[in-house]
Structure formats: structure tokens, C-alpha cells
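A.B. asks: Sequence:
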Amino acid sequence: MENYHSGRDLKSLVLNIASCALFLLPLTMFFYPQFMKLEVGAVVLFMILALLVPPMGWMRPHPYSDMPGNRPYPRKD
Numbered sequence: 007m008e009n010y011h012s013g014r015d016l017k018s019l020v021l022n023i024a025s026c027a028l029f030l031l032p033l034t035m036f037f038y039p040q041f042m043k044l045e046v047g048a049v050v051l052f053m054i055l056a057l058l059v060p061p062m063g064w065m066r067p068h069p070y071s072d073m074p075g076n077r078p079y080p081r082k083d
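Going left to right, the sequence shown walks through residues 7 to 83 as this note's numbering numbers them.
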């Protein structure tokens with residue numbers, strides 16, 4: 007029986023953190039305008055990190071993907 011993909015792989019985690027940071031960026035820029043460059047830099051860093059975490063690219067790993075490079079790594083349960 008094949009294991010169910012829970013979405014708890016590194017790529018999904020980093021993408022979730024990056025999109026959360028992007029969502030919170032306008033709020034942090036409104037409440038803390040003195041740190042605007044630092045806030046934008048942090049979001050850019052998270053987005054670049056999300057692109058570089060394997061499998062490289064913008065797509066989240068999917069167990070039924072047609073592209074072999076986009077499948078999640080097997081976990082040891």
C-alpha cells in the first residue's frame with residue numbers, strides 16, 4: 007500500500023512560510039515603516055529560498071506528478 011502524501015516535506019514548509027511572509031508584508035510595512043527595507047529583504051530571501059529548495063522551481067511536490075523530478079522524496083516512517 008502506498009503512503010499518503012501529507013504535504014509535510016521541506017519544499018511545502020518553505021513555500022508556506024514564504025507565502026505567509028508575503029501575506030504579512032503590507033501589515034508589517036504599515037506598523038513598522040522604519041524597517042521597510044529589512045522586511046522586504048526578508049520576504050525576498052524567503053522567496054529565493056523557496057525556489058532553491060529541492061525539487062528546484064516554483065511547484066510544490068506532488069505524488070501523482072507526471073514529472074519525475076516533482077515527486078516528493080520518500081519518507082522513512
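Hints are not guaranteed to be accurate.
[Said to hold, decoys possible] Quick list of simulated restraints, FRET-style, between CB atoms:
# : residue 1 : residue 2 : range
1 : Q40       : M62       : 34 to 42 Å
2 : Q40       : G63       : 30 to 38 Å
3 : F37       : R14       : 26 to 34 Å
4 : P39       : L16       : 13 to 21 Å
5 : I23       : K43       : 18 to 26 Å
6 : P60       : F36       : 32 to 40 Å
7 : P60       : Q40       : 19 to 27 Å
8 : R14       : M42       : 27 to 35 Å
9 : C26       : G63       : 30 to 38 Å
Think of the hints as simulated: they come from the structure by calculation, not from any bench.
All residues carry an ideal CB built from backbone N, CA and C; glycine is no exception.
A.B. asks: Hints first: check each against the structure and report whether it holds.
C.D. replies: Going through the hints against the structure:
As the Cβ distance of Q40 to M62 is approximately 35 Å, the hint placing it in 34 to 42 Å holds. For Q40 and G63, the hinted distance range of 30 to 38 Å is satisfied, since their beta carbons lie about 35 Å from each other. Judged by the Cβ atoms, the range 26 to 34 Å given for F37 and R14 holds: they are separated by roughly 32 Å. The beta-carbon spacing between P39 and L16, approximately 33 Å, falls outside the hinted interval of 13 to 21 Å.
The beta-carbon spacing between I23 and K43, approximately 20 Å, falls within the hinted interval of 18 to 26 Å. Against the hinted window of 32 to 40 Å, the Cβ-Cβ separation of P60 and F36 comes to about 35 Å, which satisfies the hint. Between P60 and Q40 the CB atoms are about 37 Å apart, so this pair departs from the stated range of 19 to 27 Å. In this structure the hint that R14 and M42 lie 27 to 35 Å apart at CB holds, the actual value being about 33 Å.
Range check, C26 to G63: about 20 Å between beta-carbon atoms, so the 30 to 38 Å window is missed.
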